[in-house]
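Trainee: Chains as they are written, first to last, in my numbering: chain A, 1 to 829; chain B, 1 to 221.
Hints are supplied without guarantee of correctness; some may be wrong.
As the list claims (entries may be wrong) - In silico lysine-lysine, DSSO-like type, Cα no more than 27 Å apart, as pairs:
(1) B/Lys185 to A/Lys525
(2) A/Lys609 to A/Lys790
(3) A/Lys609 to A/Lys746
(4) A/Lys818 to A/Lys790
(5) A/Lys746 to B/Lys89
(6) A/Lys233 to A/Lys21
Simulated from the structure, these hints should not be mistaken for laboratory data. Treat the numbers as computed from the prediction; the structure is a model and nothing was measured.
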Amino acid sequence: MILSESTLGPAEKWFESRGWKPFEFQREVWLAYQAGESGLIHAATGTGKTLAAWWGPLLEYLDESNEIERTGARRRLRRSAAAPLRVLWITPLRALAGDTAEALSAPVAQLELPWTVETRTGDTTATSRSRQSKRLPTALVTTPESLSLLLSRQNASDQFADLRVVVVDEWHELMGTKRGVQTELALARLRGICPGLRTWGLSATIGNIGEARRTLLGRGSGTSRIVRGVEPKEIVVDSLIPPVIERFPWAGHLGTQMVPQVVEAIEEGETAIVFTNTRSQTEIWYQAILAQRPEWAGSIALHHGSLDRKTRDWVEEGLRTANLRCVVATSSLDLGVDFLPVDRVLQIGSPKGIARLTQRAGRSGHRPGAVSRVTCVPTHTLELLEVAAGRDGVEAGAIESRYPVTRPLDVLAQHIVTIAVGEGFVPSELLEEVRSTEAYADLPEDEWEWVLSFVSNGGEALKGYPEYSKVVTDTDGRWRVEDSTIARRHRMSIGTIVSDAHIAVQYLRGRRLGSVEESFIARLKQGDRFVFAGTPLEFVRVRDMVAWVRRAPNVTGAIPRWMGSRLPLSGELAAALRARLGEAAAGNFRGPEMEALRPIFDVQSRWSKIPGPDEFLIERVQTREGFHLYFFPFEGRLVHEGLAALFAWRISQIRPISFAMASNDYGFELLSPDEAPIEDALAAGLLDPSNLIDDIPASLNATEMARRQFREIARVAGLVFPGFPRSGKSARQLQASSGLFFDVFKRYDAGNMLLSQAHREVLERQLERTRLGHTLQRLSAARVVITNPKRTPPLAFPLLIDRTRDRVSSEKLSDRIKRMQRALERAAG
Amino acid sequence: MTGEYGGGIEIDLRGERITLLPERAAYWHGASTLLVADPHWGKAATFRASGIPVPSGTTRDALDRLTSAVNRTSATRVVFLGDLLHAKKGRSNDLFSALAAWRKENEAVDVVMVRGNHDRRAGDPPAELGFDCVDAPLPSGPFILAHHPTTDPAGYVIAGHVHPGIRLYGRGGERARLPCFFIGKETAILPAFGDFTGLADFEPAEGTTVYAVAEDRVIQV
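Can you build the whole structure from these sequences, using the hints too?
Mentor: Next comes the structure, spelled out in structure tokens:
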């Protein structure tokens, strides 16, 4: 193979035929690929990463086939079936697979290559599956789960024999999850099958891009590099300032007041995307905008990950052809191959992170040299502070990191069984392969031995479980799954790493609308109305994993709530926010957002204090409810939940006392019937960052949290099976909840390492122990300021509301809050 | 509440004294009868035989608990309200020898099993155990002993089948899920006796009093 620019000719020509010119970074990737290198390309969505990764293998093939042609073999090759599998393209979202395959097919068709490009995901039809089981396409676009399924075939080595490269798309999305670990393990297996295999990752820019490369490439990938894509356009972050600034703000109600301003902003351009943070917010805003501009019916649409593929295709096409003037969307439009540039981008609510803000801004301004602009719409007055901080973060380039998951034994157990179902393995060889991944590089011998025994004889400390065997050793010393029922059940449970079970929503006589979490549907009774995909629906019944609905005459009732909808403030944004508060404490209100917030800060400093950069504010307020302590570390909700539990526990060590707690992104509340000895607690080391390892589990009702965390572990490790379609009686006899497993293991096999994994995950993932530790270090170095306001000051007010909200019904709540606001407003004068 | 039944709660059902025991069983004083629902013996073994790792020990613990209840109450009769065995695959030798050992220890006790839905497929226990197996309903005094909780004009139904559980919330986000007794106007539902059985959360019918089993104590909720 000739390593020179001249081999790039076909690519240059193809780009030219489209009126484009390759970017320098694309050429760099093609040459590196030719040289046998692996790597990670990072840039914003829609800047040509896909073509950078795709043309490497295309050029390689053209180069090889030219040689073949010179030897007169090309005609034979053309006549035979398409080239065998060469490129695996991993995408995190099923929904993206189709788009990707389409984008990859374009040059293949134009060059008339004897290549097939197909997808394989959970949505692939049975016909395609059976065709693919005979022969895989030349390029296969698939998900981590479907890749694992391919590895569970008994002829996996043959199928991957000609594989040249694996491209992992949106690696930043996968990396921080167990699916990322699943991908790492699959990649290690593929490298074992095809030495010399190249891996290229595509990622958005993140704070720890070096770690992202190490995690993707593991320890067996040879030479590699990081390639930075095109520099981002200039980004402008601004906001819609509410006409009236409430001095006692609370989340969730301001939104609708902002609708007229949002509609005006949409009208400024021909096309607009309105981003929200959750799918239910998408439904709410779609309805609100339509109510404001009924004449927009038909030219406004919504887009989120739960909608049916066809609907989303229609929406994307509408944006591309500018037939839609506005799309209300979640991050489902953040990802994807096809860049859909629009004139105007709005962000409802705080983006909660700097990377997300940057990414969303990048959707606007499609003319070269144009600036990307995102306009933030606060749903809560204090969110203006987050916008100001977000702008600082964007300007400083303080992009968040994504932290990879390390050593999850549930994923390892699943992988081992997958290989045992497929070609089988010799433990020592598999261990070497597993340790070549970043996730398991430090896997201790005893954990490996435990997982092996967990999948073979039960993993109990001294003796195996009676009657149990899943993986057995065959006569050649290879470990295999021989029972076909167990193998089938395992195949069905691969791909259950994605969290909650979803259920399709479909008209009684008609099309599929999309899917929602089963837990939402489970709460509905026949005749209940809800809004989905922008349409009012009446729930009829659930049958065969489908929620059957009919159209309802008008919009009333619940908006489905999806899991994981409350994003915590990122560490980087939190730091920028504290800096802005520090300025405000010094009387510096820079920019329109801070200017607008002045009345709130005015009351805050009169009644209590605006914490300076080196201060930790604690407010002590007494109400009829009891004694409230408000703490303001400004570190994000997850850290605050951990701190709240830790502080409650540490204070109760001084004197027995019980607390009710509430947390948000700014701080947390501890409410007690008697006054808490806060000064004594501070003197006794309330903020001490040491002993966290002991104090956190003691404080956290940690067992209950671990029990909840065990849900995912039990599913991944193959203990429970979510939703077998039409499962028969015998399958039902094998159903038990993860909680039951947790209890039984705890009582009868306390050494089960999946239990310790659950505890570790609670500490590291849910409570961000490291961030908790850093926070305590910062707080213990800060000057503690305790104020004693007579009434609840503005910063504490949302916490008061959040706790109240959990207890009273929503109709009564808004009345109650209004009364509380009025009383406080009167007092503030 | 007397000392012998420490932790239990005595109630009146159709004029009969019934003690709800923390062993997750009910004792009917007038007939010296211990009522036990849903042991699901062999469930863990069924899982293991199907390639799902579940530790052993659940059966032994449950049998010890049963012995404790029999001894504490001096019951002369034990009536199982169905779902004695979980599934055919769980009919292991280990299980039957454990049951035989229990039988030997409790020779004098009459044992009756009212069949439940699982028993139809799992089959009756071996005849050597001397369990008297009958189809539901089994009328007994003012009561109809059955597996499925229904209503019956012929008497007050005592049944199992649903594995009732209840969620309790404490201060500061504490939560607990506990097995419980549902004592209704015409039907009583006992908690599942087996350890590896799980709980179902559901709303009790109107007029039902709920008693939860909190470790070694029964409490009215």
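Trainee: Hint by hint, say whether it matches the structure.
Mentor: Evaluated hints:
For the proposed pair B/Lys185 and A/Lys525, the alpha carbon gap of about 26 Å is at most 27 Å, so the pair holds. With a C-alpha separation of about 13 Å, the suggested pairing of A/Lys609 with A/Lys790 holds against the 27 Å cut-off. About 48 Å separates the Cα atoms of A/Lys609 and A/Lys746, which puts this hinted pair outside 27 Å; it is violated. Distance restraint check for A/Lys818 and A/Lys790: the Cα-Cα separation of roughly 19 Å lies within the 27 Å cut-off, and the hinted pair is therefore satisfied.
For a cut-off of 27 Å, the pair hint linking A/Lys746 to B/Lys89 stands: about 25 Å separates their Cα positions. Under the criterion of a C-alpha separation no larger than 27 Å, the hint pairing A/Lys233 with A/Lys21 is consistent with the structure, at around 18 Å.
In this structure, only the earlier hint numbered 3 is contradicted, and the remaining ones agree with it.
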